[in-house]
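Enquirer: What follows is the residue order along each chain.
2 protein chains.
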Amino acid sequence: MPPKAFQDYYPENVAHCFGCGRLNEHGHQIKTFWEGDETVTRFTPEPYHTAIPGYVYGGMIASLIDCHCTGTAAAAMYRAEGRELDTEPAFRFVTASLHVDYLKPTPLSGELVIRGRIKEIKGRKVVVEATVYAGEVATARGEVVAVQMPESFLAA
Amino acid sequence: MPPKAFQDYYPENVAHCFGCGRLNEHGHQIKTFWEGDETVTRFTPEPYHTAIPGYVYGGMIASLIDCHCTGTAAAAMYRAEGRELDTEPAFRFVTASLHVDYLKPTPLSGELVIRGRIKEIKGRKVVVEATVYAGEVATARGEVVAVQMPESFLAA
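Protein chains in written order, with my numbering: chain A, -12 to 143; chain B, -12 to 143.
It is worth saying that the hints were derived from the structure and are not from the lab.
The reader is advised that the hints may include incorrect statements.
Since the list gives no way to pick out one identical chain from another, each pair is judged satisfied if it fits inside one copy or across any two copies.
[As the list claims (entries may be wrong)] Derived lysine to any residue pairs resembling SDA-like cross-links, with alpha carbons at most 20 Å apart:
#, residue 1, residue 2
1, 106, 86
2, 112, 39
3, 106, 88
4, 112, 90
5, 109, 32
6, 91, 111
7, 106, 128
8, 106, 25
9, 91, 132
10, 18, 39
11, 18, 118
12, 91, 130
13, 112, 67
14, 112, 86
15, 109, 69
16, -9, 114
17, 109, 122
18, 91, 138
19, 112, 132
20, 91, 139
21, 109, 88
22, 112, 92
23, -9, 1
24, -9, 22
25, 91, 1
26, 91, 136
27, 91, 134
28, 91, 137
Please construct the entire structure, taking both the sequences and the accompanying hints into account.
Expert: Put into structure tokens, the structure is as follows:
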């Protein structure tokens, strides 16, 4: 069995997100993992996820940063509480704000790697920074303010 | 014939963007128009463009704001020069930075309206503000710093 990603632990009723829900068959189904104190998502856009020909669509980059960071926020909160991802209550975060700086065009030529870093945890809020790499080159940098989803959304 | 949108004037070689390129058959193909001094895009997400069930995926909202604002930037630059959209040289903008504040969940229940306002034009840079409405309710607000694409990209 492959290792389980953060998103594999999302409760079923909140696992339909187009970006990261494992139950959305039309979506990107991104998978995020710890690598030390960083979080990492690897994703290969489709040929039609283009901005100008040859480069990745900025909306896709924003989407990857968004879902990478909400997943990271959940994982960070479990870690802050010293709990495993399969323990209750489940954490699921939504995005309060998203910022992306497009540093240079992102070549549409294979896998992108998104690396996240937890900047702040305060109450129900987690701030996550993420950088998108094409090969060794950082092409975009983002920041997400993620907020814990109200329990009413998590009730089945 | 329906009225032509900003994106209908993009030169063919830069009309493949997943968000707004009329030649990307897999993409969203958004269409943006002037309404007085505002710019307006109307878009209906698919049922699978979901965040948590019943609400629109935040990455989709970011994508709509992004392409709405780069289109608005181009149209604003033509207007600033007193030129029609079908005159040369063509304007096409890319995103330098994107910021989105998610004010409240956006219901996935029909058409969204994105309204843009030009905040600043300075040299090759245009700053555009956009608000996303579901019915009468503003659910997200964004700002894009758009930069005129280098002429080398526009050469066929």
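Enquirer: Give a verdict on every hint.
Expert: Structure-based check of all given hints:
1. Taking the closest pair of Cα atoms, residue 106 and residue 86 come within 20 Å of each other both inside a single copy (14 Å) and across two copies (18 Å).
2. Taking the closest pair of Cα atoms, residue 112 and residue 39 come within 20 Å of each other only across two copies (18 Å); inside a single copy the shortest separation is 36 Å, beyond that limit.
3. For the homomeric pair residue 106 and residue 88, the shortest alpha-carbon distances inside one copy (17 Å) and between copies (19 Å) are both at most 20 Å.
4. Taking identical chains as interchangeable, the C-alpha atoms of residue 112 and residue 90 lie at most 20 Å apart only when they sit on different chains, with a minimum of 15 Å there against 27 Å within one chain.
5. In this assembly of identical chains, the alpha carbons of residue 109 and residue 32 never lie at most 20 Å apart, being 33 Å within a copy and 33 Å across copies at closest.
6. When the C-alpha separation of residue 91 and residue 111 is checked against a cutoff of 20 Å, the pair qualifies only between copies, where the shortest distance is 16 Å, while the shortest distance within a copy is 33 Å.
7. In this assembly of identical chains, the alpha carbons of residue 106 and residue 128 lie at most 20 Å apart only when taken from the same copy (14 Å versus 24 Å across copies).
8. In this homomeric assembly, residue 106 and residue 25 come within 20 Å of each other (Cα to Cα) only inside a single copy, at 11 Å, whereas the closest approach across copies is 37 Å.
9. For the identical chains of this complex, residue 91 and residue 132 are inter-copy neighbours only, at 14 Å across copies versus 23 Å inside a copy, given an alpha-carbon limit of 20 Å.
10. Taking CA atoms no more than 20 Å apart as the test, residue 18 paired with residue 39 passes between copies only; the shortest distance there is 17 Å, against 27 Å inside one copy.
11. Taking identical chains as interchangeable, the C-alpha atoms of residue 18 and residue 118 lie at most 20 Å apart only when both belong to the same chain, with a minimum of 16 Å there against 30 Å between chains.
12. Taking identical chains as interchangeable, the C-alpha atoms of residue 91 and residue 130 lie at most 20 Å apart whether they share a chain (17 Å) or sit on different chains (19 Å).
13. For the identical chains of this complex, residue 112 and residue 67 are intra-copy neighbours only, at 12 Å inside a copy versus 42 Å across copies, given an alpha-carbon limit of 20 Å.
14. Taking the shortest alpha-carbon separations for residue 112 and residue 86, both the intra-copy value of 16 Å and the inter-copy value of 18 Å come in at or below 20 Å.
15. Within a single copy, residue 109 and residue 69 get their C-alpha atoms as close as 16 Å, which meets the 20 Å cut-off; across copies the closest is 50 Å, which misses it.
16. Taking the closest pair of Cα atoms, residue -9 and residue 114 never come within 20 Å of each other, the shortest separation being 23 Å inside a single copy and 42 Å across copies.
17. Taking the shortest alpha-carbon separations for residue 109 and residue 122, neither the intra-copy value of 33 Å nor the inter-copy value of 34 Å comes in at or below 20 Å.
18. Taking the shortest alpha-carbon separations for residue 91 and residue 138, only the inter-copy value of 16 Å comes in at or below 20 Å, while the best intra-copy value is 39 Å.
19. Taking CA atoms no more than 20 Å apart as the test, residue 112 paired with residue 132 passes inside one copy only; the shortest distance there is 7 Å, against 27 Å between copies.
20. Proximity of residue 91 to residue 139 under the C-alpha cut-off of 20 Å is restricted to the inter-copy arrangement: shortest distance 15 Å between copies versus 41 Å within a copy.
21. Taking CA atoms no more than 20 Å apart as the test, residue 109 paired with residue 88 passes between copies only; the shortest distance there is 19 Å, against 24 Å inside one copy.
22. In this assembly of identical chains, residue 112 and residue 92 lie within 20 Å of each other by CA distance solely across copies; the values are 17 Å between and 31 Å within a copy.
23. Proximity of residue -9 and residue 1 under a CA criterion of 20 Å is satisfied intra-copy only: 17 Å inside one chain copy versus 40 Å between copies.
24. When the C-alpha separation of residue -9 and residue 22 is checked against a cutoff of 20 Å, the pair qualifies only within one copy, where the shortest distance is 13 Å, while the shortest distance between copies is 49 Å.
25. Taking the shortest alpha-carbon separations for residue 91 and residue 1, only the inter-copy value of 17 Å comes in at or below 20 Å, while the best intra-copy value is 34 Å.
26. Proximity of residue 91 and residue 136 under a CA criterion of 20 Å is satisfied inter-copy only: 12 Å between copies versus 33 Å inside one chain copy.
27. Taking identical chains as interchangeable, the C-alpha atoms of residue 91 and residue 134 lie at most 20 Å apart only when they sit on different chains, with a minimum of 12 Å there against 29 Å within one chain.
28. Taking CA atoms no more than 20 Å apart as the test, residue 91 paired with residue 137 passes between copies only; the shortest distance there is 13 Å, against 37 Å inside one copy.
The structure fails to meet hints 5, 16, 17 from the earlier list, while all remaining hints are met.
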